[in-house]
Amino acid sequence: MSMKFVEEYRDAELGRALSAQILSEVEPGRHYKVMEVCGGHTHSIYKYGVDDLLPENVELVHGPGCPVCVMPMGRIDDGIAIAEQENVIFTCFGDMMRIPGSDGSLLDAKAAGADVRMVYSPLDALRIAKQNPDRDVVFFAIGFETTAPSTALTLKRAKAENVPNFFCMCNHVTIVPPLRALLDSPDLRLDGFIGPGHVATVVGARPFEFIPADYGKPIVVAGFEPLDVLQSIHMILDQIAGGRAEVENQYARVVPYEGNTAALAVMEEVFELRPHFEWRGLGFISQSALKLSEAYAELDAELRYEVPGVRVADPKACQCGEVLKGVIKPWECKVFGSACTPERPIGTCMVSPEGACAAYYNYGRFARDREVV
Amino acid sequence: MAEQAAGTTRPANGRPTSEDREERILGIIETARSKRAKFRDETVTMSHGAGGKATQSMIEGLLVPAFANETLEAMGDAGAVSVDGAELAMTTDSFVVKPIRFPGGSIGELAVNGTVNDLAVAGARPVALTLSLVLEEGLSADELRAEVEAIAAAAEAAGVEIIAGDTKVVERGAADSMYVCTTGLGQRDPRANLSPAGLRPGDKILVSGTVGDHGTAIMLARDDFELEADVESDTCSLWTAVDALLDAAGPSLRCMRDATRGGVASVLNELARASTVAIVVREGDVPVNPVVAGASEILGIEPMYIANEGKLVAFVAPEAADEALRALRGVPGCEQAAEIGEVKTEPPGMVLAETAFGGRRVMDQLVGDPLPRIC
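Line order of the protein sequences matches chains A and B. Note that the working numbering has the first sequence beginning at 1, numbered continuously upward. Note that the working numbering has the second sequence beginning at 374, numbered continuously upward.
Keep in mind the hints are simulated off the structure, nothing from the lab. A few of these clues could be false.
Computed list of lysine-lysine pairs in DSS-like fashion (alpha-carbon distance at most 27 angstroms, straight line) [claimed, not checked]:
id : chain 1 : residue 1 : chain 2 : residue 2
1  : A       : Lys316    : A       : Lys334
2  : B       : Lys471    : A       : Lys130
3  : B       : Lys471    : B       : Lys408
4  : B       : Lys408    : A       : Lys334
5  : B       : Lys411    : A       : Lys316
6  : B       : Lys408    : B       : Lys717
7  : A       : Lys130    : A       : Lys159
8  : A       : Lys130    : A       : Lys334
9  : A       : Lys334    : B       : Lys717
To give a feel for the contact side, a few chain B residues facing chain A, derived at Cβ under 10 angstroms [claimed, not checked]:
id : residue
10 : Ile398
11 : Ala427
12 : Gly452
13 : Ala453
14 : Val456
15 : Glu460
16 : Arg474
17 : Thr503
18 : Ser513
19 : Gly657
20 : Val659
21 : Leu672
22 : Glu727
23 : Gly731
24 : Arg734
In this text, a Cβ means the ideal position worked out from N, Cα and C, and glycines have one as well.
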C-alpha cells in the first residue's frame with residue numbers, strides 16, 4: 001500500500017500557483033458563489049484548508065450531496081423499528097448509527113439491546129447473513145449512485161446464491177432531482193457547481209448537461225484531492241470570465257463522460273425509481289430515490305416488516321434544510337455549536353464528517369482570517 | 374494571506390458584518406467547549422469507551438466529581454502519592470482488546486506496557502505491578518498460558534515485578550476470551566517537574582516516533598476490511614525514552630503523555646485545554662508509517678486519531694527542545710522521533726493544524742467511535 005498517485009494531488013507549491021491564477025481571474029468587487037454538490041468535497045475542502053487558498057470574494061456553498069445528511073427522521077424511525085424486531089441483525093454504515101430519529105438513534109437502540117452492527121460494505125452484511133442462517137439480516141442501504149451499484153451487486157448475489165435470510169431496506173437516492181430542485185429554488189443564487197466526482201464515475205458527466213443547458217450555469221466534475229478542487233474552481237471561474245456555461249470534466253482520470261455502463265445496467269435490473277421520496281430539509285422530491293424492483297421484492301425489508309412509515313417533521317430549531325440548500329452557512333443556524341454539536345447532533349448535517357455543519361465545526365472554525373499568536 | 378486582501382469587498386458602514394456575527398457565534402461555542410463536560414447520557418454507548426468527547430464527559434462529569442480530590446483532579450496519567458517521604462505514583466488500566474493476539478503483540482504485553490507507560494509519562498520509574506485476570510469459560514489453556522508468558526516477558530523487559538494478582542472466571546458470553554487489569558506503582562523521579570497545566574507559549578512538541586501503528590494493526594488483524602498490509606503494533610515500554618528526555622531536558626520538560634486511545638490529536642486537545650493555550654501542529658512534520666498512511670486513507674480515518682501503545686508526546690521549553698529531540702532519537706525504537714509543532718497563546722484551548730497543502734484547520738477531539746476495543 002503506497003500513497004503514490006495521491007500525494008501528487010496535494011502538492012503545496014502547485015496549490016499556491018493555482019491560487020495565484022484564481023486570484024488573477026476574479027473581478028474585484030464581484031462576489032462568486034460556487035456550490036460543491038458532494039459532501040466528499042466539503043470534507044476535503046475543510047480537511048486541507050482549501051478555503052484558505054481562495055480570494056475572499058469566492059465563496060464555497062456546501063450542497064446536498066451527503067447521503068447521511070439528507071436522510072429524513074421517519075426513515076431512521078423505520079430502520080429502528082426493524083432493528084428492534086426479534087431475530088433481526090440490523091447492519092448499516094457507521095455514520096448512520098449516530099443519526100437521531102424521533103426517539104434516539106440506532107446506536108441508542110443497540111445499547112438498549114437491538115443487534116445493530118456496523119459494516120463497511122453490503123457484502124459484509126451478506127456474509128453475516130450466511131453465518132447466521134437462523135436470523136434475518138437487514139442491510140440499511142444508503143448513498144447516491146456512488147454506492148447503489150455495490151448494493152445492487154450484493155442483492156444480485158444474494159438472489160443467485162439463494163440466501164433466504166438477507167433483506168435490504170433501500171434508501172438510495174439520485175443526484176439530479178435534488179440539483180434541479182435547488183436550481184428551481186427562488187432563494188438561491190449560485191454562479192457555478194463543483195460536480196460530484198464519485199457519483200459521476202457511475203452516471204458519467206452527461207446527466208449534468210441540463211445545468212448549463214436549462215439554467216446557464218457552469219459545472220465542472222471534480223476529483224477529491226485538494227488540487228482537484230482548486231483546479232475545478234479555476235475552471236469554473238474561467239468559464240464565467242469567458243461567458244461560457246458548459247459541463248467540463250476535471251476528473252477525467254477516473255470519470256468517463258458516459259459513466260460506467262455495467263454499473264448502470266445492474267442498477268437498472270435491481271432497482272426502480274420511487275414515485276417520490278422525502279429529503280431532509282428539502283421535502284418530497286419526485287423520482288429522486290430507488291427501491292427494489294419487482295424481481296427483487298422478496299428481498300425488500302420494507303415489504304417484510306411492518307414499519308411506522310410516518311413522516312416525522314424535523315425538529316423546529318433545526319435548519320438543516322437551509323444549510324443543505326446553501327441558503328445559510330452552518331454557523332448561521334440557530335442551534336449550531338450550542339444545542340447541536342457532533343457529539344449531540346440535532347440535525348443530520350452535524351453527524352457525518354461530510355455534513356456541512358460537522359465539517360465546519362470540526363475543521364473550519366478559526367480556519368480563515370484568524371490570528372494565531 | 375495578506376496579498377489576498379486586495380480586491381475584496383467589505384461594508385464600510387458601522388453595521389455588524391457577517392464576519393462579526395461569525396466571530397460572536399464562535400465565541401459562544403468556545404465558551405461552551407471550555408466548560409467542564411457534563412455526563413447527560415441515558416445509557417452507556419460504545420462512544421463512552423472511545424477516548425473522545427463522550428469518554429471525557431463521563432470522566433469529568435461523573436467520576437472526578439464523585440471522588441473529588443486534588444490528585445485526581447490534576448488528571449494525570451498516574452496519581453502522585455507521598456508515604457513518609459517516599460514520592461510514589463499509582464495508576465491502573467484494564468485491557469479488553471479484540472483479537473487478543475495481533476501482529477506485534479497481544480493483550481498480555483499491552484497490559485504490562487500500558488500501565489508502565491502511564492507511570493513513565495507521569496515521570497515515575499515503574500517499580501511493581503498487580504495483575505487481575507477475568508477469563509471466559511471455555512478459554513483454551515494454551516491461550517491463557519501464552520498470555521501469562523507474554524506478561525512475564527513484558528514485565529521483565531520493562532524492569533517491573535508482578536507482586537500480587539487475582540483471577541475470576543465468568544460464564545461463556547459474559548466476557549470475550551479474557552480481560553486483563555493491571556495496577557502499577559512507581560517512584561517519582563526527582564528530575565521531573567511535569568504538569569498538564571504546565572505548557573507555555575513557545576514550547577515545542579515532540580513525538581517519539583510514527584503515529585497510528587497500534588490501532589491500524591488491530592484494525593487490519595480483525596479482518597473486517599479484507600485489507601492486507603504489513604503493520605505491527607508499537608506496544609513497548611516507554612521508560613527508556615522518558616529517562617533519556619529527563620536527562621536531556623530535566624525541568625524544561627513540561628509534560629508528557631502516551632498517545633493511546635484517541636491518538637495524538639486527543640492528547641493535544643486535552644493539554645491545550647488544561648494549560649489554556651493554543652497548539653499548532655505542522656501536519657507535514659508528523660511521522661507516519663507509509664502503510665498506516667495508506668490504510669487510513671482507504672478507511673477514512675486520520676493517523677493523528679489512531680491509538681498508539683508505545684509512543685509519547687512531550688512538551689519541551691524551546692531552549693531545551695533540540696537537545697531533547699537528539700536524546701529521544703538516540704533511544705532504540707525512537708529513531709523517527711520528530712518535532713511536530715508549537716504551543717501558542719491564541720485561541721486558547723484550541724488545536725490547529727497547518728495542512729501540508731498550505732491551509733489551516735481545527736484538529737478537534739474525536740467524536741464517536743471509529744474502532745472499539747483497541748486496548
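Cross-check of the supplied hints:
1. A/Lys316 - A/Lys334: holds, 10 angstroms
2. B/Lys471 - A/Lys130: holds, 23 angstroms
3. B/Lys471 - B/Lys408: Outside the cut-off at roughly 34 angstroms; violated.
4. B/Lys408 - A/Lys334: holds, 20 angstroms
5. B/Lys411 - A/Lys316: Roughly 25 angstroms between the alpha carbons, so the hint for B/Lys411 and A/Lys316 holds.
6. B/Lys408 - B/Lys717: Distance ~21 angstroms between B/Lys408 and B/Lys717 Cα, so the pair holds.
7. A/Lys130 - A/Lys159: Since the Cα atoms of A/Lys130 and A/Lys159 sit roughly 13 angstroms apart, the hinted pair holds (cutoff 27 angstroms).
8. A/Lys130 - A/Lys334: Not satisfied, since the Cα-Cα distance of roughly 47 angstroms exceeds 27 angstroms.
9. A/Lys334 - B/Lys717: violated, 31 angstroms
10. Ile398: holds, 5 angstroms
11. Ala427: Given a least distance of 6 angstroms, the restraint on B/Ala427 holds.
12. Gly452: violated, 27 angstroms
13. Ala453: violated, 31 angstroms
14. Val456: violated, 40 angstroms
15. Glu460: violated, 37 angstroms
16. Arg474: violated, 22 angstroms
17. Thr503: It is violated, given that the least Cβ distance between B/Thr503 and chain A is near 32 angstroms, above 10 angstroms.
18. Ser513: violated, 22 angstroms
19. Gly657: holds, 8 angstroms
20. Val659: Where the cut-off is 10 angstroms and the nearest Cβ of chain A is about 14 angstroms from B/Val659, the hint is violated.
21. Leu672: holds, 8 angstroms
22. Glu727: It holds, given that the least Cβ distance between B/Glu727 and chain A is near 8 angstroms, below 10 angstroms.
23. Gly731: holds, 4 angstroms
24. Arg734: Since the shortest Cβ distance to chain A is 4 angstroms, the answer is holds.
In the structure shown, a violation is registered for the earlier hints numbered 3, 8, 9, 12, 13, 14, 15, 16, 17, 18, 20, in ascending order.
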